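Student: Please build the complex by placing chain V on the supplied structure of chain C, with the hints as guidance.
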Amino acid sequence: MTSPNDLVRDPLFQVNAVLWMAVPLPENASWNPLLSAAGFQVYAIAPLLGPPLDVLSEMKARGITHQERYRPDVVLNREYDRSFAVMECKGRSFGIDSSTARQATTHLIICGPRLHESLGLADSDVSQGAALYVTPESDRVLLDGTLRQLKEKLLASLGHASDYAILGLEVVAMNEEMSLNLTIDTNSGMFLGLPDPVMCIASFHRDTDPRPLYLVPYDPDCDQSPEERAFCKRVLYERVHSEILGAMGRAHPPEDIRITPEDLLRRAMPGVYDKWENADSMKHMRGLVRDLLKRLVLMVNAESKDTLSGNLKLGWTFRLSSPEAQVKVCNLLARFSIEKMDLEKEPEPGLFDDF
Amino acid sequence: MRDFDLARIKSRHEMIRYFDGWSAERKEELAEKKTRKPLVKTNLLETLGCAGNHGDDVVKLFARNGMILKELEKDLYQSVVEGRTIGFLERLRPRIVALYSTMDSRELEALVRRLVMTAPEIDHVWLSGSTFNVLWNLVCKVSNPNRYVRIVFMHDSIYDVDNPSVSPPDIRDSSTDDDDILGDDLRVVIERRAARFQLVDRVRVVKEKLGDLQKTYSPLHAISQLRFPSSVGKGGHDFCDNGKVTNRSDSFRDHRSHILYVTRIYEKMLGETEERVWSGSEVSTGLPNEFQRILGVPLVARFSEPLTQAVFEYWLNSTFRRPQNRFRLWGHPITLGPTKAHVYGLDKHLWRPLFLEITAQGCTAVVPRGTCGNTVHRLVTNIQRYLDPAAEFYLGQVPYSMIVDSSSQEVPYDLSK
Numbered sequence: 007m008t009s010p011n012d013l014v015r016d017p018l019f020q021v022n023a024v025l026w027m028a029v030p031l032p033e034n035a036s037w038n039p040l041l042s043a044a045g046f047q048v049y050a051i052a053p054l055l056g057p058p059l060d061v062l063s064e065m066k067a068r069g070i071t072h073q074e075r076y077r078p079d080v081v082l083n084r085e086y087d088r089s090f091a092v093m094e095c096k097g098r099s100f101g102i103d104s105s106t107a108r109q110a111t112t113h114l115i116i117c118g119p120r121l122h123e124s125l126g127l128a129d130s131d132v133s134q135g136a137a138l139y140v141t142p143e144s145d146r147v148l149l150d151g152t153l154r155q156l157k158e159k160l161l162a163s164l165g166h167a168s169d170y171a172i173l174g175l176e177v178v179a180m181n182e183e184m185s186l187n188l189t190i191d192t193n194s195g196m197f198l199g200l201p202d203p204v205m206c207i208a209s210f211h212r213d214t215d216p217r218p219l220y221l222v223p224y225d226p227d228c229d230q231s232p233e234e235r236a237f238c239k240r241v242l243y244e245r246v247h248s249e250i251l252g253a254m255g256r257a258h259p260p261e262d263i264r265i266t267p268e269d270l271l272r273r274a275m276p277g278v279y280d281k282w283e284n285a286d287s288m289k290h291m292r293g294l295v296r297d298l299l300k301r302l303v304l305m306v307n308a309e310s311k312d313t314l315s316g317n318l319k320l321g322w323t324f325r326l327s328s329p330e331a332q333v334k335v336c337n338l339l340a341r342f343s344i345e346k347m348d349l350e351k352e353p354e355p356g357l358f359d360d361f
Numbered sequence: 017m018r019d020f021d022l023a024r025i026k027s028r029h030e031m032i033r034y035f036d037g038w039s040a041e042r043k044e045e046l047a048e049k050k051t052r053k054p055l056v057k058t059n060l061l062e063t064l065g066c067a068g069n070h071g072d073d074v075v076k077l078f079a080r081n082g083m084i085l086k087e088l089e090k091d092l093y094q095s096v097v098e099g100r101t102i103g104f105l106e107r108l109r110p111r112i113v114a115l116y117s118t119m120d121s122r123e124l125e126a127l128v129r130r131l132v133m134t135a136p137e138i139d140h141v142w143l144s145g146s147t148f149n150v151l152w153n154l155v156c157k158v159s160n161p162n163r164y165v166r167i168v169f170m171h172d173s174i175y176d177v178d179n180p181s182v183s184p185p186d187i188r189d190s191s192t193d194d195d196d197i198l199g200d201d202l203r204v205v206i207e208r209r210a211a212r213f214q215l216v217d218r219v220r221v222v223k224e225k226l227g228d229l230q231k232t233y234s235p236l237h238a239i240s241q242l243r244f245p246s247s248v249g250k251g252g253h254d255f256c257d258n259g260k261v262t263n264r265s266d267s268f269r270d271h272r273s274h275i276l277y278v279t280r281i282y283e284k285m286l287g288e289t290e291e292r293v294w295s296g297s298e299v300s301t302g303l304p305n306e307f308q309r310i311l312g313v314p315l316v317a318r319f320s321e322p323l324t325q326a327v328f329e330y331w332l333n334s335t336f337r338r339p340q341n342r343f344r345l346w347g348h349p350i351t352l353g354p355t356k357a358h359v360y361g362l363d364k365h366l367w368r369p370l371f372l373e374i375t376a377q378g379c380t381a382v383v384p385r386g387t388c389g390n391t392v393h394r395l396v397t398n399i400q401r402y403l404d405p406a407a408e409f410y411l412g413q414v415p416y417s418m419i420v421d422s423s424s425q426e427v428p429y430d431l432s433k
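Residue numbers (the numbering used here), protein chains in the order written: chain C, 7 to 361; chain V, 17 to 433.
Everything labelled a hint here was simulated from the structure, so no lab data went into it.
Everything numeric in this text was worked out from a predicted model, so none of it was measured.
One thing to keep in mind: the hints can contain errors.
Claimed, not checked - With a straight-line Cα cutoff of 20 Å, these simulated SDA-like cross-link-like pairs (lysine to any residue) come out:
id	chain 1	residue 1	chain 2	residue 2
1	C	K334	V	W367
2	V	K76	C	P260
3	V	K76	C	R273
4	V	K76	V	R129
5	C	K346	C	M288
6	C	K334	V	L332
7	V	K26	V	E44
8	C	K346	V	L332
9	C	K300	C	N284
10	V	K26	V	N81
11	C	K346	V	W367
12	V	K157	V	S173
13	C	K334	V	R130
14	C	K334	V	R338
15	V	K76	C	R154
16	V	K86	V	R109
17	C	K346	V	R338
18	V	K76	C	R256
19	C	K346	V	L352
20	V	K76	C	S327
21	C	K346	V	T351
22	C	K334	V	N81
23	V	K76	C	K346
24	C	K346	V	F336
25	V	K76	V	W38
26	C	K334	V	F336
27	C	K289	C	S327
28	C	K334	V	W38
29	C	K346	V	R337
30	V	K76	C	P329
31	V	K76	C	K300
32	C	K334	V	S422
33	C	K346	V	N333
Stated by the list, open to error - Selected chain C positions facing chain V (in silico; Cβ < 7 Å):
id	residue
34	P30
35	L31
36	R212
37	D213
38	T214
39	E233
40	R245
Even for Gly, the Cβ is constructed at its ideal location relative to N, Cα and C.
Only chain V is shown next, with the shape it has when bound in the complex:
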């Protein structure tokens, strides 16, 4: 397929046909191990304050942040950045949009990161290790057991280092998620536990072994990428923890169907999370001028092993003393002991309040009303990735994984819709 001006595409039907053709060509190249052009990638993004039925809000939101959206049909837009059509943005659910593009992976990632970093109303869709564990169970259920699956595990205990004078990498240092593990002779050697490896095997083999392996080696809880095998051909769809999805199948239709499936689950998770955690919702009690104050339930993270005092301090200092910290949190901790602190701070991504109790044993987060459920999922993802891959999470007394599981059960795996 020759280079084609995306601006000529005028409808959803044309877009799907175009990406279908592109995907088939790339799949052939992948088979020959000679990819000449980038794969189709989707970035799932959550938009705040655009939950109404009007697409206008989305258009304005992205325009403020340098992306012009030209409406092609309902909920589908051409995405133009600096005069260049870079792909298409589809509003899949009231709060979730998908940006489809065939741009170079690094270039696209930089663009999306810039968008997310600068706009408090735009965030990644955060798929935590716990969410992936539930999605993996779904893959087991819906896929042929002889299909190959690819799972990437990533745990980088950046706060557990042998030399505390070395600062942990901040948010701007993120490497691309789908890079292979690259050697780098010049890199400074920092001793800490860092696990990043991929597992490719048949679904039935992984299903049989993974549970036992996770019990033996905790970083195997930190799934950061999972491939849903294509339901119509070879290859599949690689979902990353930050909502980036790479189409490694020969069908864009199948890719989009899987995107829609996971998006529906995520949307239910978000709703369920917010309903449970929000504190400060007001319900009339019937008393004149009175309102019942209902306290939401907190997010409770329980570490599999207590953090050492050194790790605790390093985590606290490098999070709350550095503006560009990994957790994107702001606040001035109130020290209540060698391994206990309270923070009445902000989720600096959304600029919304978040109250935290941080101890060596775990973390409790109170989420005031209006703070998006994404904050919870980002916190879970980051704790698993950077602190404790085997940490257990609860919303109140309900295990977080149960909420993900129940959200997924309500969504049928019906890819024809």
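The shape of chain C in the complex, shown without the other chains:
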């Protein structure tokens, strides 16, 4: 189990923590929905955003290093005052000359007065925007220094840049009980309307992992420890496994059920999988699911011959010839345990990974 102090450095934990802070929950729930209580809701997860074209060409003309487009982790909005918070989750601070600083430059430009254009909304739909960062509390001051320099640079060369705010995650121990706290800097407090400089997100016992259910289970582009990567892979595989079993259970024999890695990924990560533009990431994801499928196929084939046809390139077709065959396949699939797989081992590159 990853220690809580390491967990707050994991960007995927941070993304899921933010999402749960923005989900309405009852009082005294295990997770403090402080963003939801402040009126915010999830507007988009990983939307592709870029600055208006004229700003982009001006940035180019002035030699400002930037990214043309990027996907912030989460966009939150508050309907009653038309505020938008564009959030980035960072496991650690970064330097002004790093590649992440290019992304941060675009982030600070996008969240400025023309955020509505980047979001494809009318001017009247957005009253204010802010670039929000989530990072471990221990990195908050460092990150603040980097962002301040970036903002000053933009103000000097372009004349505009958005405000930014940083939320710091930290685990505080109180005997056997632990508290996952969020430190809210002055800018965040004002923008989000949060009253206290430090708020408890979740209380948990020392022997318990504080993570919430993962709404975003996996991100190949995320910088994670091998242990956390393996955990997220398990969550992804559990979801893919349940999708496969569900498809078999819902079938009406005699029926052929065709399964491809792409379909499974779309169903297991609705709205997220299709957004990756990085071809290597997509290939990696398909490879992961193909690896799981291969193991499931081997097991089903060993116990129930003539049930499967297909191949790794085009996907597999489960032939459910009768209700009895369906029950047998479902029982076989249900018994398969993801937990017993070596999840830290990356799948071998396959011939069909590019398909």
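Tutor: For chain V alone, kept in the frame of chain C given last:
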């Protein structure tokens, strides 16, 4: 009334007249405490994937599962199983059907259970203890305070046992819901809290006492049966938590009216639940090729007292290590502490995904889009029945009971329609 071939009934009007006569005879027999034939029973079922206007879908769905439906008129069918007409199926609402029958209770229950167990598209209508509490308030409002009401409470903490080597009964071991409490000298004695008792008294008396009693003894929150007193005569209509309704009045028309009333409330609850809980619905944001991802709200169950570690483990193991578990869930729990686990699994009844965080303090369920609202109501019903009758439930931050209450307020208690 002599045995009559149900196949001769050709219309809704004839069906109602037939069942009306049957009900009147049975009511007389009940008064004499000598029932010679079974009462009229209705089983309310939810059908998935048949929400369109075509009855064809319902016909095909039931045919796949061994019940032939012969259309008599719009939305009314004769139900034939193995060549025998066992009753009538009426499509009351796009997603809810009622199976009316005078079959023997055990035989009918076995048939309905088989249907529900084998068909992922057919489920019971699940009336949880919280739903019954709202319906009970309606009974108080609409009934003469001097009428008698019957409430059955059922809580069986099957996971809180003195001997963990004894497996909890699985779904196949269900006993009939309207049996009286029977002694059984041969039954193995397992010490655990099991409360099943009925309360029969005047509406005004129960109304005055029940709230206080529930505060004192939590199993009284686990209402599993409630009688709506008949609005036209003596007796009433016993609604069970699994959607079975027994007509103990002398009027089938009144019975059907009450069925329609509760069905309308349930349908609104389903719609409201799905609208709130579904995660992954897509709404265009206006950005080219972009969609806004709206997260649904989770179902949150908060136990009145934390489960002990032993109960937590027993519940988790007997649910996720047994294919035929009470909760009809499947998944491989990810252990995150002595009393915390995550399950990215399936509602095995519908074969649809369901993500659960289970702790000693409660349970949080994320319902992906496409998973039926019935999953939520079944989960609430089972938690109240088998884990904690006084558990509180929320959809997001809104109390579950408030959703039931608001659904009921939109439906007038007008039995003439």
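Student: Provide an ascending list of the numbers of those earlier hints which the structure does not satisfy.
Tutor: Hints 3, 5, 6, 7, 9, 10, 11, 12, 15, 23, 25, 27, 28, 31, 32, 36, 39 are the ones this structure does not satisfy, whereas the remaining hints hold.
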